[in-house]
Every structure is written in C-alpha cells, then in structure tokens.
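Q: Sequence:
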Amino acid sequence: MTSDSLKTLSSKIGTYFHVHLVSDSTGETLNALAKAAAARFEGILPIEHIYVLIRSPKQLDRALVEIESFPGIVLHTIVDSELRTNLEIRCRELDIPAIGVLDPMVVAFSRYLGAAVSKRIGAQHNLDNEYFERIEALNYAIAHDDGALADRLAQAEVILVGVSRTSKTPTCIYLAHRGIKAANIPLVPGRPLPEEIDNLTEPLIVGLIASPERLISIRKNRLLSLNNDDRPSTYTDTEAVRNEIIAARRFFERKEWPVIDVTRRSIEETSAAIISLLNEKRTGRLGGI
Numbered sequence: 001m002t003s004d005s006l007k008t009l010s011s012k013i014g015t016y017f018h019v020h021l022v023s024d025s026t027g028e029t030l031n032a033l034a035k036a037a038a039a040r041f042e043g044i045l046p047i048e049h050i051y052v053l054i055r056s057p058k059q060l061d062r063a064l065v066e067i068e069s070f071p072g073i074v075l076h077t078i079v080d081s082e083l084r085t086n087l088e089i090r091c092r093e094l095d096i097p098a099i100g101v102l103d104p105m106v107v108a109f110s111r112y113l114g115a116a117v118s119k120r121i122g123a124q125h126n127l128d129n130e131y132f133e134r135i136e137a138l139n140y141a142i143a144h145d146d147g148a149l150a151d152r153l154a155q156a157e158v159i160l161v162g163v164s165r166t167s168k169t170p171t172c173i174y175l176a177h178r179g180i181k182a183a184n185i186p187l188v189p190g191r192p193l194p195e196e197i198d199n200l201t202e203p204l205i206v207g208l209i210a211s212p213e214r215l216i217s218i219r220k221n222r223l224l225s226l227n228n229d230d231r232p233s234t235y236t237d238t239e240a241v242r243n244e245i246i247a248a249r250r251f252f253e254r255k256e257w258p259v260i261d262v263t264r265r266s267i268e269e270t271s272a273a274i275i276s277l278l279n280e281k282r283t284g285r286l287g288g289i
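Residue numbers (this note's numbering): 1 to 289.
Derived by calculation from the structure, the hints in this document are not laboratory data.
What follows is a set of in silico ranges between Cβ atoms, one per label pair, in the way DEER data are often shown:
no., residue 1, residue 2, range
1, Phe109, Ala38, 24 to 32 Å
2, Ala115, His177, 26 to 34 Å
3, Thr238, Arg152, 36 to 44 Å
4, Ile96, Arg249, 50 to 58 Å
Quick caveat: nothing in here was measured; it's all calculated off a predicted structure. Cβ atoms here follow ideal geometry from the backbone N, Cα and C, with glycine treated the same way.
From just these sequences and the hints, can you work out the full model?
A: Spelled out as structure tokens, the structure:
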C-alpha cells in the first residue's frame with residue numbers, strides 16, 4: 001500500500017485518542033464541554049472514559065488506574081482540594097495534561113464579583129426550583145405534543161407551528177430542558193388550527209419551515225422506517241410539498257408570527273433562535289411594547 005493510500009485510509013478512519021472525564025458530580029458538564037471541543041477538529045474521534053461521583057481517594061485511585069492504562073487528556077471538575085491535588089500530581093508523573101475545565105470561568109467570576117468560590121460539590125445540579133421547573137416544562141411538552149390539549153395552550157411560553165417533519169417535537173423537548181414550556185401544533189393542508197390559538201396573547205408563537213428538498217428526504221426516510229404507505233402521495237410529491245411550504249409561509253405572514261427556516265439548523269440552533277425571540281418578547285413587554 002502506498003503512502004498516499006495510507007493517508008487516504010487514515011483520513012477516512014480518523015484519529016482516535018483517549019479523553020478521561022473525572023467528575024465529583026454527574027459528569028454532564030464535562031461531557032458537553034469535551035464534545036464541544038472535539039467537534040472543532042476534523043477526523044478526530046475521542047474515546048471517552050467517564051468517572052462520576054468521585055468523592056473519595058479509593059474512587060480516585062480506580063480512575064487513575066484506567067488513566068494510566070489508557071493515557072490521554074484528563075478533564076475534571078473536582079472541587080475537593082486533596083483529591084484534586086492527587087489527581088494533578090499523578091497526571092504530571094504520567095506526563096499527561098489534567099485540566100480543571102471550569103477554572104478560568106470560576107476565577108473570572110470570582111474576580112469580577114469579589115466573591116469567594118463555593119466548595120460545595122455538585123452545586124450546579126442541586127434539586128432547586130430551576131430543576132423542578134425543567135421537569136414541569138418537560139411534562140408539559142410531552143402532554144402538548146402534536147396539537148394535544150389545545151385548550152391549555154395559554155399555559156405555554158412558546159408554541160411551535162410547522163409542517164410535518166420540521167423537528168417540532170425534539171425542539172420542544174430541548175426547550176423544556178432549558179425550563180421553557182413549549183407546545184407544538186402540526187400545520188396540515190386542509191386542516192384548521194385549534195380555534196384557541198387565535199385568542200392567545202402571552203405565548204410566543206413561531207412558525208417552522210424547511211426547504212422542500214429537505215422535507216421530502218426526511219419524509220421518505222420516515223415512511224421507510226415505519227413501512228407506512230398510507231400517507232397521501234402529496235406527502236412526498238415535490239410540487240405538492242413546495243406549495244405546502246409556500247402556503248405555510250404566507251399563513252405565518254398573515255398571522256405576523258416570526259418564522260424560522262430549520263433546513264440547515266440543528267435542534268440546538270433552532271432552540272437558540274427561539275430563546276432569543278422569547279427574550280425579545282419579554283423585554284418588549286417589560287418596556288411597555
């Protein structure tokens with residue numbers, strides 16, 4: 001095999017490396033940060049080793065055994081000073097980096113606020129009001145999926161209206177994890193929306209659309225996965241879907257609802273745009289608009 005062939009094969013396979021996530025809590029923060037950092041490198045594939053609830057020397061020792069067996073980057077959120085020191089000393093001995101991922105932000109916050117740093121373990125995951133608000137929002141999103149319980153839409157903070165396969169449900173679930181009560185209603189040709197929606201003033205109502213090509217691709221894959229041939233032919237017909245999108249956009253314009261094209265957006269990006277709109281609405285209301 002030539003060197004060029006090896007390079008081509010290597011680029012297809014990717015470069016693997018070990019990353020060790022050591023947390024005294026649930027590890028969610030580390031996991032999100034590690035994925036975000038790794039995503040910045042093409043062809044780089046992390047092999048994650050996750051150690052959660054590390055709160056004793058014995059638990060740390062078990063993690064260190066695996067770290068020594070599979071050297072790589074160590075990311076941690078250890079608060080206990082003794083455990084943290086032991087981890088960092090051992091990593092120096094192994095000549096591998098150990099990074100307290102929250103350190104720069106915590107130091108910046110402390111200096112700006114002039115406040116001491118809390119030594120409470122897992123402080124960001126306490127069962128406080130914010131946690132229960134997220135659970136309540138999640139229950140609301142599930143109960144109000146796909147137009148269900150339309151008589152309770154006034155309780156929503158966000159209502160998503162969109163044609164089929166514009167990621168309404170997963171977007172509502174993501175918003176719920178941010179503590180936002182979100183409902184969704186499908187916009188189906190020939191089927192009117194619930195009458196209740198015309199009388200709503202508090203919720204932010206957002207229209208979701210996508211390109212016809214994107215919708216057709218997703219809809220065809222959906223039908224194949226379900227072995228479902230009961231849908232009308234217009235569901236995946238190019239001209240019909242294009243007209244469906246045009247009609248949806250015109251409908252949203254008449255209602256004066258903001259519109260988000262989800263064609264090239266991830267769930268996270270769509271949700272971020274919705275949260276921005278929600279903040280604008282709240283600011284406008286507070287300002288008397």
